[in-house]
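Student: Below are the chains, spelled out letter by letter.
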Amino acid sequence: MKNSYLIALAGNPNCGKTTIFNAITGAHHKVGNYPGVTVEKREGQRRYKGYDLRIVDLPGTYSLTAYSPDEMAARDFLLTEKPDAVIDVMDSSNIERHLYLCMQFRELGVPVIGALNMADEAEAAGVLIDAAQLSNLMGMPFVRTVGSKGRGVENLLDATVDLLEKLQRDGPEASAAAALSHRMHYGPELEDKLHELCTLLQQDSAFVAAFPVRWLAIKLLEKDQDAYKRLKGHKDEALIVPKAIAAAQWLEKHFGRDAEIVVSEQRYAFVHGAVRETVSKKPLLVQTVTENIDKVLMNRFLGLPIFIGVMWLVFRLTFALGEAPVGWLESLFGWLGGVAGRVIPEGFFQALVVDGIIGGIGGVFSFVPLIIILFFLLSILEDTGYMARVAFITDKFLHLFGLHGQSFLPMILGFGCSVPAIMATRTLRSTRDRIVTSMIIPFMSCGAKLPVYVLLAGAFFPQNPSLAVMTIYGVGVALAFLSALLFKSTLLRGEPTPFVMELPPYRAPTWSGLFWHVGEKTLTYVKKAGTVILAASVLIWALTTFPVLPEASVPAGLPEAEVSRLALEHSIAGSLGRVIEPLVRPLGFDWRIGIAVITGFAAKEVVVSTLGVMYAAGSAEDSIALTAAMQADPLFSPLVAFSLMLFILIIPPCFAALATLKAELGWKWLGVSVGYMLTVGWLLTFAVYSLGRLAGWGI
Amino acid sequence: MMLAELRAYDRFKVLAIHTGRETGRRLADMGFTKDSEGRVMRCGFLRGPMHVCVGGYHLLLRHSEAAAVEVEVLEFAPHGHGLGRGGRRGLRRGFGHGALSGKPGLCHGCETDAAAACQDSDAIRTEPSAT
Numbered sequence: 001m002k003n004s005y006l007i008a009l010a011g012n013p014n015c016g017k018t019t020i021f022n023a024i025t026g027a028h029h030k031v032g033n034y035p036g037v038t039v040e041k042r043e044g045q046r047r048y049k050g051y052d053l054r055i056v057d058l059p060g061t062y063s064l065t066a067y068s069p070d071e072m073a074a075r076d077f078l079l080t081e082k083p084d085a086v087i088d089v090m091d092s093s094n095i096e097r098h099l100y101l102c103m104q105f106r107e108l109g110v111p112v113i114g115a116l117n118m119a120d121e122a123e124a125a126g127v128l129i130d131a132a133q134l135s136n137l138m139g140m141p142f143v144r145t146v147g148s149k150g151r152g153v154e155n156l157l158d159a160t161v162d163l164l165e166k167l168q169r170d171g172p173e174a175s176a177a178a179a180l181s182h183r184m185h186y187g188p189e190l191e192d193k194l195h196e197l198c199t200l201l202q203q204d205s206a207f208v209a210a211f212p213v214r215w216l217a218i219k220l221l222e223k224d225q226d227a228y229k230r231l232k233g234h235k236d237e238a239l240i241v242p243k244a245i246a247a248a249q250w251l252e253k254h255f256g257r258d259a260e261i262v263v264s265e266q267r268y269a270f271v272h273g274a275v276r277e278t279v280s281k282k283p284l285l286v287q288t289v290t291e292n293i294d295k296v297l298m299n300r301f302l303g304l305p306i307f308i309g310v311m312w313l314v315f316r317l318t319f320a321l322g323e324a325p326v327g328w329l330e331s332l333f334g335w336l337g338g339v340a341g342r343v344i345p346e347g348f349f350q351a352l353v354v355d356g357i358i359g360g361i362g363g364v365f366s367f368v369p370l371i372i373i374l375f376f377l378l379s380i381l382e383d384t385g386y387m388a389r390v391a392f393i394t395d396k397f398l399h400l401f402g403l404h405g406q407s408f409l410p411m412i413l414g415f416g417c418s419v420p421a422i423m424a425t426r427t428l429r430s431t432r433d434r435i436v437t438s439m440i441i442p443f444m445s446c447g448a449k450l451p452v453y454v455l456l457a458g459a460f461f462p463q464n465p466s467l468a469v470m471t472i473y474g475v476g477v478a479l480a481f482l483s484a485l486l487f488k489s490t491l492l493r494g495e496p497t498p499f500v501m502e503l504p505p506y507r508a509p510t511w512s513g514l515f516w517h518v519g520e521k522t523l524t525y526v527k528k529a530g531t532v533i534l535a536a537s538v539l540i541w542a543l544t545t546f547p548v549l550p551e552a553s554v555p556a557g558l559p560e561a562e563v564s565r566l567a568l569e570h571s572i573a574g575s576l577g578r579v580i581e582p583l584v585r586p587l588g589f590d591w592r593i594g595i596a597v598i599t600g601f602a603a604k605e606v607v608v609s610t611l612g613v614m615y616a617a618g619s620a621e622d623s624i625a626l627t628a629a630m631q632a633d634p635l636f637s638p639l640v641a642f643s644l645m646l647f648i649l650i651i652p653p654c655f656a657a658l659a660t661l662k663a664e665l666g667w668k669w670l671g672v673s674v675g676y677m678l679t680v681g682w683l684l685t686f687a688v689y690s691l692g693r694l695a696g697w698g699i
Numbered sequence: 001m002m003l004a005e006l007r008a009y010d011r012f013k014v015l016a017i018h019t020g021r022e023t024g025r026r027l028a029d030m031g032f033t034k035d036s037e038g039r040v041m042r043c044g045f046l047r048g049p050m051h052v053c054v055g056g057y058h059l060l061l062r063h064s065e066a067a068a069v070e071v072e073v074l075e076f077a078p079h080g081h082g083l084g085r086g087g088r089r090g091l092r093r094g095f096g097h098g099a100l101s102g103k104p105g106l107c108h109g110c111e112t113d114a115a116a117a118c119q120d121s122d123a124i125r126t127e128p129s130a131t
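For the protein sequence lines, the chains are V and P, in the order given. Mapping of the first sequence onto the numbering used here: residues 1 to 699, in sequence order. Mapping of the second sequence onto the numbering used here: residues 1 to 131, in sequence order.
Chain V extracted, bound-state conformation (with noise of 0.2 Å):
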């Protein structure tokens, strides 16, 4: 007697799905991956009534074509994985289109358990279900539920267990008999084909087993580009290939439409015809609040002042609730390099605990409350259902550069650290969009690199820094913007992804939810940039660290500055920031600046330090000391000061984003993305310089 089952939790996005897998699997989860894409998969446990459940929350999807990598997740994991049974959420308000996708799910040949979530919403708004009714025309179970509550939960694993026990106690020929008498009749013209395609399919008895013949009949004529690379499989494809392209010819030539939407068509109309004898409505006038909270958000004229005020908004709470914690974590990682200090003996192995690890860990922690922060108020907005209006609001313009609306959001958060805002762009359906969206967030100037604009412009246009500043920002926005063109133009050419999605009814957020989120975003944040950073860091500290200034070459006397940057210049950064010389003094720029732009891979604002050491100013504080030294030094101008800007603003970001990069999208695109900011970072401070030279502005 099998005692575990797989089950896996599948619905349309916004229908609950979240709240009825907490409500089942309590607080234990796992967050892992699916094979092979950065869809988010979690799984729980649950036993109930002597059977270990394990459940796996599938991505959210309207249906199960191949366009999306969501929807490819979820059907890959149904046909190999296998699982016992698939609950099925729905939002009961409005079932139709969600027993569109319960339809494909059959197809598959997985034995379904509706649950009709948010019953007590759609019980309110008039709507009544017949669900013993629904059952029977459908031939599964449906079970009233409301997981925001955890109503009905006890009641759905009922339904699931007698389900499973029954299929157990049947075997699976009476199953498969039960599942044909429900089956889904597409009508005589598809039917035709759908039989013809099924006698091929079957001819081949290992390709039976391992897939359900019929749903791959289905997605054949549906012109799948999946199915047709399943299909390799089988002994007689060569026979199968022409005919199924020949049905769905003939049946685009009867219908006069696609074949994938004649197929979609049939579906509804059943689905249709189950509802109009299940569902009854009460016909309720009521102004409803979501649509006249939309007639200010999304009004053409206020819409978009609103969300730069709430973006606005947003940024300035994180950094003014973040002030106090951040400054907490600082000192506190700042007494325990004290105590280390003290404890561990003078030496390499104490250097590398103090500078190398603590400063590293450090780093990365001192960021988490702003981390958690963000995340929290992005949450409320994602969870209200606000980020969907923000794409209405955004889309026209990000279209023209061959962007989607849920760019926007990633973008935005660039502005204050790449690593969260790549992580971001896991809200875009389309592989295409996100790979270009994660390419130009480092264009968008993050928190780190402003101590360096804003010392150089302190420095070298004191008359007006912040214009100087600004005028940074905006190169970095517009390169975005002209690179996103560039790279849809090119390397990621192919057919504007479709834009429709859906509106969700504003809803208030729930503790739970919101805490899910932001826990989740925040361990893989310590998680991904914690490990790297901490390596960076320590690479760093080791570059600049060794080899040793014996201290025999150190004539006496010298103040501590000086000996300092007499160990800068004798280490292996020192030397790399020759070597690399001649690469940048086209640019303007020596070698000492050429070891800060090495040193800033550790993070950005790590250049200002280390320009410390360089003009021997003593500590990254005193940056009164470091100002008036850089503008002794001959070598710098306004000219320099501004190339010097522009390079740090275009040339790759920091290891940690640079990891999250590698982590989102792959090595391929990494190396493109490094090699496309290098290049254009290095031309387009050449050519400032150059131009300016020549032009005579600011030597």
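Just so you know, not all the hints are guaranteed correct.
[As the list claims (entries may be wrong)] DSS-like mimics (lysine-lysine), calculated; alpha carbons at most 25 Å apart, straight line:
{"hint": "1", "chain 1": "V", "residue 1": "K166", "chain 2": "P", "residue 2": "K13"}
{"hint": "2", "chain 1": "P", "residue 1": "K13", "chain 2": "V", "residue 2": "K82"}
{"hint": "3", "chain 1": "V", "residue 1": "K82", "chain 2": "V", "residue 2": "K49"}
{"hint": "4", "chain 1": "P", "residue 1": "K13", "chain 2": "V", "residue 2": "K295"}
{"hint": "5", "chain 1": "V", "residue 1": "K49", "chain 2": "P", "residue 2": "K13"}
{"hint": "6", "chain 1": "V", "residue 1": "K30", "chain 2": "V", "residue 2": "K662"}
{"hint": "7", "chain 1": "V", "residue 1": "K243", "chain 2": "V", "residue 2": "K253"}
{"hint": "8", "chain 1": "V", "residue 1": "K30", "chain 2": "V", "residue 2": "K82"}
{"hint": "9", "chain 1": "P", "residue 1": "K34", "chain 2": "V", "residue 2": "K396"}
It should be emphasised that the hints constitute simulated quantities derived from the structure, not laboratory data.
Start from chain V and add chain P according to the hints.
Tutor: For chain P alone, kept in the frame of chain V given last:
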């Protein structure tokens, strides 16, 4: 007539989708199927995306995508409202109908439950029962 040619508050019935592949499939999956009824809720600035309600679902789509959806117009929303700006490009498109007319029953959908209004054409003609 194509969906892209409609304006805010017009009611329509879908006749056919004239595109295949991903766009056509998405439209069909989201509920643009033959005979489904809907209403244009609003259009974005400078022909930005359209917000339509079809089969009870609120969807956003671009004008370029709406240009592939053939519809039959069930009802043109009344326009102008005697403001002199006249015609279908009247002021009210920007500010929403309720702000300027306030006459219930003229532009359904904005006074009524939007989901019910676009799903069930009879519902909106019913007098308010219990509010």
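Student: Which of the stated hints cannot be reconciled with the structure, identified by number in ascending sequence?
Tutor: The structure conflicts with hints 1, 2, 5, 9, although it agrees with all the remaining ones.
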